[in-house]
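Kindly produce the complete structure, drawing on both the sequences and the hints.
2 protein chains.
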Amino acid sequence: MITVLAGGVGAARFLQGLVQVVAPQEITIIVNTGDDIELHGLHISPDIDIVIYTLAGIVDESKGWGIQGDSFHCLDMLGKYGHATWFMLGDRDFATHIYRTHLLRQGWSLSQVTDSIRRAFNLEVRILPMTNQPVPTLILTDQGILHFQEYLVQRKMQDPVKGVQFKGIEDADPAPGVLEAILEAKGIIICPSNPIISIGPILAVKGVREALRKTQARIAAISPLVGGAPLKGPADRLMRGLGLEVSAYQVAQLYQDFLDIFVLDQIDQNLVTKVESLRTQPEQPLRVIVTDTIMRGLKEKIELARRVMEELLR
Amino acid sequence: MITVLAGGVGAARFLQGLVQVVAPQEITIIVNTGDDIELHGLHISPDIDIVIYTLAGIVDESKGWGIQGDSFHCLDMLGKYGHATWFMLGDRDFATHIYRTHLLRQGWSLSQVTDSIRRAFNLEVRILPMTNQPVPTLILTDQGILHFQEYLVQRKMQDPVKGVQFKGIEDADPAPGVLEAILEAKGIIICPSNPIISIGPILAVKGVREALRKTQARIAAISPLVGGAPLKGPADRLMRGLGLEVSAYQVAQLYQDFLDIFVLDQIDQNLVTKVESLRTQPEQPLRVIVTDTIMRGLKEKIELARRVMEELLR
Chain A
1 MITVLAGGVG AARFLQGLVQ VVAPQEITII VNTGDDIELH GLHISPDIDI VIYTLAGIVD
61 ESKGWGIQGD SFHCLDMLGK YGHATWFMLG DRDFATHIYR THLLRQGWSL SQVTDSIRRA
121 FNLEVRILPM TNQPVPTLIL TDQGILHFQE YLVQRKMQDP VKGVQFKGIE DADPAPGVLE
181 AILEAKGIII CPSNPIISIG PILAVKGVRE ALRKTQARIA AISPLVGGAP LKGPADRLMR
241 GLGLEVSAYQ VAQLYQDFLD IFVLDQIDQN LVTKVESLRT QPEQPLRVIV TDTIMRGLKE
301 KIELARRVME ELLR
Chain B
1 MITVLAGGVG AARFLQGLVQ VVAPQEITII VNTGDDIELH GLHISPDIDI VIYTLAGIVD
61 ESKGWGIQGD SFHCLDMLGK YGHATWFMLG DRDFATHIYR THLLRQGWSL SQVTDSIRRA
121 FNLEVRILPM TNQPVPTLIL TDQGILHFQE YLVQRKMQDP VKGVQFKGIE DADPAPGVLE
181 AILEAKGIII CPSNPIISIG PILAVKGVRE ALRKTQARIA AISPLVGGAP LKGPADRLMR
241 GLGLEVSAYQ VAQLYQDFLD IFVLDQIDQN LVTKVESLRT QPEQPLRVIV TDTIMRGLKE
301 KIELARRVME ELLR
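Those sequence lines, one after another, are chains A and B. Its first residue numbered 1, the first sequence is counted upward by one per residue in our numbering. Its first residue numbered 1, the second sequence is counted upward by one per residue in our numbering.
Worth double-checking, as some hints may not be accurate.
Just so you know, same-sequence chains aren't split out, so a pair can sit in one copy or run between any two.
Claimed, not checked - Lysine to any residue pairs mimicking SDA-like chemistry, simulated, CA-CA at most 25 angstroms apart:
#1 80 / 58
#2 274 / 256
#3 80 / 104
#4 80 / 39
#5 80 / 38
#6 80 / 115
Hints are computed from structural coordinates only; laboratory data are not their basis.
Encoded structure:
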């Protein structure tokens with residue numbers, strides 16, 4: 001069994017390759033829910049939906065989220081009723097949130113709802129929310145405390161970041177199966193996702209970091225930063241705001257207590273020695289792989305997944 | 001002030017004429033909520049929406065309900081998730097139900113939500129749900145007890161009707177303003193709506209029938225049955241199931257304890273004397289008007305409204 005820690009778009013793109021290299025029923029994906037948000041009275045799980053829509057082949061590839069060819073009539077009408085419409089939700093996408101919210105209100109857990117949505121798309125991977133409790137990621141800015149989606153989508157990352165909080169994380173239990181998936185895995189992959197607000201919340205869930213340190217499986221992480229910048233999203237602004245260096249090296253450092261393999265893009269070839277030096281015990285070295293991580297098309301996604309799996313299981 | 005008791009399609013069509021004859025801000029519409037239903041976890045108020053969409057000029061005129069040109073992507077997707085899709089809800093229409101449900105869950109009353117939706121369309125009429133409490137209309141059939149929408153839409157009126165129940169009606173208070181609108185009206189109009197399941201629930205709300213008997217205002221009703229059949233909907237099946245004659249005369253009889261004016265279609269000219277005989281006190285006769293009630297276009301709607309208003313206020 002291969003266990004994957006995933007955020008949104010970057011993770012979903014990597015997973016498109018992985019399911020071509022590893023049998024889907026062998027894959028467990030633990031997904032960040034820190035950027036879940038309630039809008040229009042509906043529970044939205046952006047990262048879970050991005051992963052599912054992508055693996056189902058219906059994602060809007062150009063944006064990386066939402067459903068391809070979706071229309072926006074419902075949202076337009078909600079705007080007429082005075083609702084904020086900065087978070088783009090298509091008509092087909094709304095069905096997912098209506099369905100999820102309905103089941104949650106009937107007492108289902110987010111795990112159960114997620115599994116039900118997965119099955120509706122005949123996906124054979126296992127998809128676990130990191131926790132079934134709400135743990136909203138809050139961004140501290142000089143405009144006050146913003147929900148991560150407000151910071152990212154509504155205010156378009158314009159506010160200097162002063163801090164990040166995962167509200168309620170200390171009381172959040174890992175969802176059923178999360179710790180087992182880490183402890184019993186044959187290999188673990190940290191997707192090229194934002195280390196602060198995609199992977200960060202997963203690592204902060206009670207017991208997850210400890211399980212990663214404890215597991216017998218090798219753990220590989222793919223750097224989401226290439227040449228000192230993210231391919232997409234606000235990782236640079238968040239890292240800078242937290243006083244961190246914006247580099248692949250810094251990402252490896254954030255994971256250094258459990259990491260076995262770190263995957264750098266060719267552009268970051270010069271960082272190999274520096275990253276390797278993060279782990280000095282000869283019996284458990286940190287292996288650094290240099291490859292093409294940019295995943296322009298399916299071929300590159302498969303090649304990256306193949307390369308990671310090769311190192312993970314060798 | 002003119003107060004109108006309204007169901008769905010027939011009422012909405014009559015109201016399109018009435019707002020051309022009476023200043024909208026002088027009109028209070030008390031709307032049936034007995035056919036409200038929760039689907040997909042959303043609160044749907046079909047009659048209120050039909051009235052609002054019609055007066056807002058966005059109703060799908062060919063069907064009489066829903067929004068013209070609406071798409072059905074959200075519903076299709078909910079079908080993929082296994083939800084029943086027999087109740088057609090368009091993408092724009094979904095916004096209304098999402099908005100209503102969100103406000104109801106925040107503690108708003110149905111009155112407040114309805115007023116907010118009305119204002120979003122800049123309607124100047126006053127629209128009151130008959131009650132803010134749920135009073136689902138149940139149809140007793142040999143298939144068991146069905147919600148009215150299940151009977152009408154899902155099972156297409158195929159089941160012989162054995163009875164009708166307004167569940168919880170004995171505990172339902174009239175919504176704020178309902179009794180006052182009847183007691184203080186200058187004239188009252190009962191729309192050409194189904195007497196059993198559109199007007200019936202309104203009359204069954206605590207105090208409404210008494211207020212109609214007590215009010216100083218004249219009360220006019222337009223027959224929804226023409227030539228012994230409804231123009232639309234299941235009035236005939238329901239009346240037959242309850243052992244009632246399917247005729248305009250029977251409708252007048254259902255209202256006879258408060259009615260002053262009854263409007264018959266020309267086709268039912270032969271019923272004039274019979275309907276008049278329902279009230280024998282010479283000091284308070286039942287006046288019967290014969291006119292064209294079929295409302296093919298706006299001209300006919302206006303003409304009918306003008307004729308009713310003329311009798312009501314003379």
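If the cut is 25 angstroms between Cα atoms, do residue 80 and residue 115 qualify within a copy, between copies, both or neither? between (34 angstroms within a copy, 14 angstroms between copies)
Copy assignment of residue 80 with residue 104, given that the CA separation must stay at most 25 angstroms: For residue 80 and residue 104, the Cα distance is within 25 angstroms only across copies (18 angstroms; inside one copy 27 angstroms).
When no copy is specified for residue 80 and residue 39, does a C-alpha distance of 25 angstroms or less occur within a copy, between copies, both, or neither? Both, since 15 angstroms and 23 angstroms are each at most 25 angstroms.
Check residue 80 against residue 58 for me: Cα-Cα at most 25 angstroms, and say if that holds within a copy, between copies, both or neither. Between. Shortest inter-copy distance 13 angstroms satisfies the 25 angstroms Cα cut-off; intra-copy 28 angstroms does not.
Pop the pair residue 80 and residue 38 into one bin, within, between, both or neither, using alpha-carbon distances up to 25 angstroms. both (19 angstroms within a copy, 23 angstroms between copies)
Intra- versus inter-subunit Cα pairing at 25 angstroms for residue 274 with residue 256: Classified as within; 12 angstroms inside a copy, 93 angstroms across copies.
The structure agrees with every numbered hint stated previously.
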